[in-house]
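Taking the hints into account, I'd like the entire structure generated from these sequences.
Taken in sequence, the protein lines are chains A, U, P and F.
Numbering (our numbering) for the first sequence: 1 to 233.
Numbering (our numbering) for the second sequence: 1 to 233.
Numbering (our numbering) for the third sequence: 1 to 217.
Numbering (our numbering) for the fourth sequence: 1 to 217.
Source of the hints: derived by calculation from the structure; they are not laboratory data.
Incorrect hints may appear among the rest.
[To be verified] If you want the footprint, here are the derived chain A segments under chain P, 3+ residues with CB under 8 Å:
#: 1; region: 121 to 128
#: 2; region: 165 to 171
#: 3; region: 217 to 228
Heads up, the beta-carbon is just placed ideally off N, CA and C, and yes, glycines get one too.
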Amino acid sequence: MINKKVANVTEALQGVKDDMTFMFGGFGLSGIPENAIAQLVKLNVKGLTCISNNAGVDDFGLGLLLQQKQIKKMISSYVGENDEFERQMLSGELEVELIPQGTLAERARAAQAGFPAFYTPAGYGTEVAEGKETREFNGKMYVLEHAFKADFGFIKAWKGDAAGNLVFKGTARNFNPNMCGAANITVAEVEELVPVGELDPNQIHIPGIFVQRIFQGLHYEKRIEQRTVRQRS
Amino acid sequence: MINKKVANVTEALQGVKDDMTFMFGGFGLSGIPENAIAQLVKLNVKGLTCISNNAGVDDFGLGLLLQQKQIKKMISSYVGENDEFERQMLSGELEVELIPQGTLAERARAAQAGFPAFYTPAGYGTEVAEGKETREFNGKMYVLEHAFKADFGFIKAWKGDAAGNLVFKGTARNFNPNMCGAANITVAEVEELVPVGELDPNQIHIPGIFVQRIFQGLHYEKRIEQRTVRQRS
Amino acid sequence: MLDKHGIAKRIAKEVKDGYYVNLGIGIPTLVANFVREDIEVEFQSENGVLGMGPFPYEGEEDADIINAGKQTITTLPGASFFDSAMSFSMIRGQHVDLTILGAMEVAENGDIANWKIPGKMVKGMGGAMDLVASAENIIVAMMHTNREGESKLLKSCTLPLTGVGCVKKIVTNLAVIEVTPKGFKLLERAPGVSVDEIKNATEGHLVIEGEIPEMKI
Amino acid sequence: MLDKHGIAKRIAKEVKDGYYVNLGIGIPTLVANFVREDIEVEFQSENGVLGMGPFPYEGEEDADIINAGKQTITTLPGASFFDSAMSFSMIRGQHVDLTILGAMEVAENGDIANWKIPGKMVKGMGGAMDLVASAENIIVAMMHTNREGESKLLKSCTLPLTGVGCVKKIVTNLAVIEVTPKGFKLLERAPGVSVDEIKNATEGHLVIEGEIPEMKI
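Right, here's the structure in full:
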C-alpha cells in the first residue's frame, strides 16, 4: 500500500503558488473542498485560474477567494449565485470562460484518462464553439474540446483511506471523481479517514492511484444553498 | 421506477436476428453473460459480428458460438486461448479485427456517452492505425477511433434490481459497465435480482437508465481459466 | 391564459410511460407535480442523481442530496447517484428521453437562447448546451412574451444561442406550438385565448392550419 | 547467464518506492516475487484491479478475482476493483509508473513487437499497445535470442509493431541494456557473460562505453 496520507491541510497544500491553475470539485456548495479553500484564503495566493463548475456564493466556497481578489480567471458552467463575481466580471477585473457543464466534466475526465481531445455536440453553432474546430460525424456536428491542464486538483470525498481510495456521498460526488488525477497533484480531503482495508474494494469510487495527498478535513459547514422542504401531511 | 425486468432469457433476447452486431462483457471467462450466450447457441442465429475482449475457450464462452459457426466477425483485443478460433481465422472462415484493449473499452464507453470519436495514443505507428486519421497533440501522436455501434449488448452483473441498476463483483466487472447503454438494447443478466430499494443508491455501478432488460440468470458455472494457488506454509 | 402551473400541467401530458426526464430550473421543475400517477417516470438531474423524489420534510434536508437548482431533494426506491461525467453520458448518449427547459428566446427554426444577455446578465449555460445539443425530444416551457411584452418566439434569436435547430415543441401561457420546417405550427390554444392573440404575440412565422383546438388540461 | 527468475530478480531492482506497476504475462509476472519488502509498491492489472496480492490458498480461488493472465489472485488491504475504461485511464493517463512486459523483438530505436507473427500466431495485443503508447517507463523482460538462436535485439523489427520508439530499458538473460539515440547501450553483463557474447547475440547497434560491470542481483 502506497501511503498518501498527510498530516493536515498545510502539508496538503505545499507547493501552491501565485498564478497557478487549480481544479475544484463541487456543484454549488455541495461537495466543495472546504478545507483547501480556507487554506488558499489563508495563503492568499494570487493570480489564480480556477476550474470549477460554479463560483460559490459571496461569503462561502470560491466566493471567499473572489473577495480577496485571488482569482484572475474562472472556468465554469454556471455562476449565477454570486454578486461579487458578477461585479468583478462586468468590470473586467475577472476573466471568465463559460463552458457547457458536460464539456467541463469531460475535459477533466480526458485529463484523468490521457485523452488529449474529444468531439462533443455541446455548444455547436454557439459562441462556445467560436475559434474551435467543428466536424461532422454521421450527419451531426461536433466541436473538438481539449483536456484540461492544472497544477492542483482539490477534491472533497466522504470517506477515504491512507492509500488514497475515495468514496463519495449522494450528489456531493459530482465533479470530484472526474477531477481526480486530472491535475499534476490531486489533493483529497475527506470527512472521515478510515483505516486501510475498511473500504470494500468493490465499492471504491476512485482508486488511490489518482490521488497524491489525502488528509482528514475539519469543521465542515456543508452549507445548504436552497433549503427546500415540504409540509408533513 | 421504470421496470426493466423480464421473465427469463428467452424474453430477454427477443428481437435477436441473423447478421446482427453484439457486444459481450467479460474478460476471459470472468464476468461473461453465460445465460445470453447459451440462448444464442440455442437460437442458432448466424452471421454475427461479436465485440468482446476475448473469444472464450473451445468449449465455453463465445467458443460455443464459434463451434456452431455462428460468428462471421470477431472484434477483440486478445484471442489466445481458443484453438477453434485460430483454426477458423487462419482458414479465412472467420473475419477478425484485433484492437488495443483500452481502445475497445473506450469505443464502448464513447457509444454509451454519445461521443462519436476520440483520440488515443494506442496503436500509433502500428498496423492498427493503418487507414485511420492520426494527429499530433502537444508533441505526441494519436489515432482517431470511433464509437462502436451494436444491436444488442449482453452484460453480466453480480446484483441488480428491476429498475435495471447493476452492481458488479471483483474483476468480473471489466468491460460490462462500459458496454451498458452502448448498444441499441442492453440486456443484463444477474446472479442475484434483489428487490428495488435494496441496493445503496450511492453504490450502484450502473444506473438502470443504461439497461433495457434485466433478468435473473440461472446455473452459473463461472469457470476458472487459470487456477493458480500457493502452498499453505 | 395559463399561469406557470398551467404550463407545467400541460407539459406533464407530454410525459409518457417509461420516460427518463430532465427538468430545467423554473417552470420545468413544476412539471413533476402534475405527471400522471399511473405511469412510470424517472427524473434525472445533471448534478448526478436519477430517481428524484419530492422535497424532504423539514429537518430531513441533506446538504449532500440536491438537484441541479441546488435545492434539497429526496430520492425514490431504485434511485442512483453518479459523477458528472456519467450524468452527461446519460444526456449526451440520448438515454434521457425528454428534456424540458426554459428559454429567453426561441426561433422558428428551433434555435434557442437562454444563458446570456450580453453586458447585462451572464449566469452561464450550466448543462443546457449539452441537453439541447443531445436530446431528441426537447420541450420549451416559457411565457409567450417577455416583461416588456415583446414576443419570445422570433424569426431568429437576438441573444447568444444555447443550441441550433433543436427545439421541437413550445408550451407557453398562450399556446402549444410545434417547430416545423415551415415555422411555428400552432397546435393548441390556451383556455380563453384566441388565435389572433397568439398571432399578435408571435414574431416568427406562425403556421395556422384548420381549426385550432383549445388545450385540454 | 540468467534464467527467467534471474531476469525477474534484476528487474525488481528497478522498482522504486511508491511505484504503481503493471506486469505483463510471463517473466514480468515473476518480478512481484522479488521486490524489496521495505518499499511500498502496488501492482495494477488491466482487467480491473489495483493492489494485487499473491495467489490464493487452495480452495480460496474466486472466479471473479483474476489478473490479466486469467490467473486467480488475491488482493491486499487498500486494493480496489474498477471497470476497463477506468483501468486504461490509469494506463493512458500515465498514473502507472512502470510497465514491464515481454517482447518478441525490440529495435535499437525502441520499437517493440510482441503480438503477432503473420500467418502463424495471432493472439492479439491485449492491453500492450495502450501500455507501450502511454507509459513513460517501459522495461522489456525477455531472452536475448529466440529458440532458433537469433537475436531479438534488432536494427529494426521484422514483425508487426506493438509500439514505436517506446522501450527505455531491456533486461535479458545476458545483459541490461538502455535504449539511447545512439542505439542499444550496454549497461551491465549477466554473471559470467562476456561483452563479446552479448555483442554476438545482438543484431542491432550495441554501444559499449568503458568497463561494463557485472550485474548485482
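Hints versus structure:
no.	hint	in the structure
1	121 to 128	holds (count 8)
2	165 to 171	holds (count 4)
3	217 to 228	holds (count 7)
Hint compliance for this structure: no hint is broken.
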